[in-house]
Amino acid sequence: MRREDAEKWHGKGDLMQSNFVRETLSLPTMDKASCLSIGHGQISERSFFELLQVNSVRVLYDFRHSDHRGDVHSPCEHFSVRALKSSCRVRGLAYKHVALGRETAYGILKHVKTDEAQHALIELVWHAKRGGTCFLGFDQDWRLDRRQVIADEVVAAGHSVKHINSTGSTEDHDPHRKLPDFIVSEEERLRKLEQQRRAGELLRPEKSAVDRSSEAVASQLMRPSKEIDAMDELRAAANQVELERAQRNLARLQRLGDKHGALAHKVVKAAPQWVLDEARQQEEWIAKKKAEKLEKAEKAEKAPDRRQESEATEALDEELSVECSRCGVLRPWSQLAEGDGVCKECWATSGEGDVTRSRCCSCEAELPKDWLDLGACPACITSASESCASTVATEAEAESPQRDGDAKGWRAKRFAKYSPDA
1 MRREDAEKWH
11 GKGDLMQSNF
21 VRETLSLPTM
31 DKASCLSIGH
41 GQISERSFFE
51 LLQVNSVRVL
61 YDFRHSDHRG
71 DVHSPCEHFS
81 VRALKSSCRV
91 RGLAYKHVAL
101 GRETAYGILK
111 HVKTDEAQHA
121 LIELVWHAKR
131 GGTCFLGFDQ
141 DWRLDRRQVI
151 ADEVVAAGHS
161 VKHINSTGST
171 EDHDPHRKLP
181 DFIVSEEERL
191 RKLEQQRRAG
201 ELLRPEKSAV
211 DRSSEAVASQ
221 LMRPSKEIDA
231 MDELRAAANQ
241 VELERAQRNL
251 ARLQRLGDKH
261 GALAHKVVKA
271 APQWVLDEAR
281 QQEEWIAKKK
291 AEKLEKAEKA
301 EKAPDRRQES
311 EATEALDEEL
321 SVECSRCGVL
331 RPWSQLAEGD
341 GVCKECWATS
351 GEGDVTRSRC
361 CSCEAELPKD
371 WLDLGACPAC
381 ITSASESCAS
391 TVATEAEAES
401 PQRDGDAKGW
411 RAKRFAKYSP
421 DA
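Using the UniProt record's numbering, read the sequence shown as starting at 1 and increasing by one per residue.
If you are wondering where the hints come from, they were derived from the structure by calculation, not from laboratory data. Among the hints, erroneous ones may be present.
Below 30 Å or equal to it, Euclidean Cα-Cα: the simulated DSS-like pairs (lysine-lysine) are [unchecked claim]:
hint : residue 1 : residue 2
1    : K129      : K226
2    : K162      : K129
3    : K226      : K266
4    : K269      : K259
5    : K289      : K178
6    : K288      : K266
7    : K113      : K178
Note that the structure is a prediction, hence the values are computed from the model and not measured.
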């Protein structure tokens, strides 16, 4: 009785609007029903509705996905949401559009498990129990269309789905096949696309040379822009979500129309003042984001290279200063390393018991005998080797001009001896 009370609905609006219905009805517990599916492809409008008429379809649910703006990109103008809704009204068909698998929901596999999709499928089964009901997809071949995931969900709940092909005959849905790769990897692709769009790294499509040619521009100027009536778009919204989407879309079209002028594809007609204000706010927001992105790029160019910073840090770390473990005086570690943390003065004045001490033959510093090499301390040996190397280099530079001068004088004497003028 509770399910029968919950299913009392006039067929318009939302079936799942009350808490009682949402708690009572679910897709697996409803009476089993059979529904149809169809894909329009690029067939004519007349052929499409003939296929629906052959299969006695009275209710059409449009489950085609939309982009991040909420627009459905159909290959033919007569299959747009607005045109299809008008065509169904003329022919006495009930029509409702619910974008399952849209970009903002990260694809059909993730979206079909949400409450929004489940509520739409419950409405679909409710209509299927009472008459011919069909849901719509893009491609005529259901194996290449996203609506196969919707059919899987309906069949898994115990109901049946039949697909209408181009000849008007039906084919039972096969739930045991493998999903195509573009559906399996759709969520990962859309999440990456969203991150690129938020970070401003999404590249705009580049036009070919043919699209930028003077002939293409002239053809675009001769083609009249499509006028969009703002009031008709707002009246076509069935709920608050669609109304907000229509408002944002109108503001975007108004902004693009002001930007492109005569080259705009769509122009908003009879736009109210609040649409103009929102379009101006969108333009200001876009200009602000562009300025922030440009400023960030300039700062990145002016900032020093991280590799140079690390090299400078390493150069500073080379002259590390450490306190002597005895006198506490801060000295370079190169001086304290010889005495294991003790400076030379402390070694000279401390007298370490039985340790044999000697004086350096150069600096006369008193150090442990084990530290001296041929009577010299390590510091004197290092300085002596550096001075020796510099002396050798200086002598080599001094001898080089002299050799060149000798060679030059010898050649000059020989040339003077054997020259004809001599």
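Taking the hints in turn, this is what the structure says about them:
1. K129 with K226: Distance of about 41 Å is beyond 30 Å: violated.
2. K162 with K129: It holds: about 14 Å lies between the C-alpha atoms, which stays within 30 Å.
3. K226 with K266: 5 Å, holds
4. K269 with K259: Given that 30 Å is the threshold and the Cα spacing comes to 16 Å, the pair holds.
5. K289 with K178: Violated, because 44 Å separates the two Cα atoms, which is more than 30 Å.
6. K288 with K266: 25 Å, holds
7. K113 with K178: 19 Å, holds
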